[in-house]
Amino acid sequence: MALDQAAADLRPLKRLICLGCGFSYDEALGLPNHGIAPGTRWEDVPEDWVCPDCGTPKSGFEMVEIGYATGGAELAQRA
Amino acid sequence: MPSPPASPPAPCSFVLRAGERGHDLIRSDGTRASYIAGHPDAFITRDSSFNFHEYQNGRPGFGSMRVFGDEVFHGVGCGYNMHPHHNFLICAFVLQGELTHINTVGGGMVDQLGPGDYYVFSAGSGGKHCELGITGEDTNIIYIWFLPAQLYLPPTYSRAHFDGRTGRHGIAQLVGEADGALPIPNDIRISRLVTDAGSKHTCTPRSSSHGTYVFVLDGDLRCADTVLARRDSTGIWGVDKIDCEATADSTDVLFVEVAMTGDEVVGR
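In order, the protein sequence lines correspond to chains A and B.
Counting with the working numbering, you get residues 1 to 79 for the letters of the first sequence.
Counting with the working numbering, you get residues 80 to 347 for the letters of the second sequence.
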């Protein structure tokens with residue numbers, strides 16, 4: 001169990017984008033203003049969670065490999 | 080040992096007929112009244128080339144393009160009430176009617192766009208907008224959304240006009256890096272061609288790893304070996320050029336060129 005968890009923690013942290021409005025979820029940053037702690041894996045975000053901006057369900061998010069503009073990560077953490 | 084050079088991508092394409100697109104009719108009533116403006120009589124029709132909202136039985140996108148919506152606002156005051164966006168690069172091309180666009184970018188502005196007008200809104204770190212047809216005439220708009228090259232860019236908005244008379248008979252670039260085109264923060268070019276029957280043109284992507292989505296706004300076009308009618312489209316990648324010939328007068332075509340990322344799942 002502990003070994004499994006350790007292995008799981010080595011997976012790279014993901015970024016996802018809402019295909020309904022463009023809101024992004026970053027596992028590293030979480031969404032502290034919406035009660036999701038930094039480091040929360042996407043699969044650990046509740047299944048009934050929806051985009052706080054447009055209501056799109058989790059299934060309407062797409063994983064992306066896109067970096068932040070300068071200062072963008074700090075803004076994203078406060079979203 | 081150096082690895083061998085990557086082989087060029089094989090030519091690939093799909094054809095999407097007008098009637099095969101996802102079709103939604105969204106009324107400004109019930110829970111939708113806060114989303115769709117113009118309550119109670121207004122409604123929006125939306126034909127989606129790619130999966131969007133309720134429509135999820137088609138292709139997920141094309142390169143960085145995720146949304147290509149052919150929308151009509153019906154009824155006085157119809158449109159989208161004020162709503163937020165992040166990150167997406169949103170382009171709108173007004174084909175018919177009048178669009179009143181209220182946007183929070185740059186301290187806020189109210190813009191009015193008519194046929195031939197178009198805008199590029201990079202939502203970046205966040206912005207809100209409201210889009211309305213206030214004259215009562217049906218408003219037909221092509222909406223295209225792209226993923227950006229970077230997340231949380233400073234939001235920007237710019238607009239321009241395409242003149243189908245002076246710009247006739249040549250492929251005119253409207254968006255992307257070029258003189259006179261609106262800038263957009265990703266590897267994207269959008270061009271438009273208005274021409275008459277018998278006119279032949281060659282669309283030249285920047286490389287064979289760029290894909291081109293060809294959408295016929297009006298008229299008829301032979302594109303490569305495919306005959307496209309009004310609102311038909313094709314996506315083509317892995318080629319150096321695309322030969323087109325208008326087969327009807329006043330044929331009007333959009334070309335959307337995007338970098339293909341190699342993991343396209345477009346052939347559903």
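Hints may contain errors.
Covered by chain A, according to a simulated footprint, are these stretches of chain B (three or more residues, beta-carbon under 8 Å) [claimed, not checked]:
| # | region |
| --- | --- |
| 1 | 199-212 |
| 2 | 228-242 |
| 3 | 266-277 |
Simulated coverage check for chain A against chain B, where a stretch passes if three residues somewhere in it have a Cβ under 8 Å from a Cβ of chain B [what the hints assert, rightly or not]:
| # | region |
| --- | --- |
| 4 | 28-39 |
| 5 | 42-50 |
No lab work stands behind these hints: they were computed from the structure.
The C-beta atom is built at its ideal place from N, Cα and C for all residues, glycine as well.
Worksheet item: Okay, which hints does this one fail, numbers in order?
Response: Hint check: 3, 4, 5 fail, others pass.
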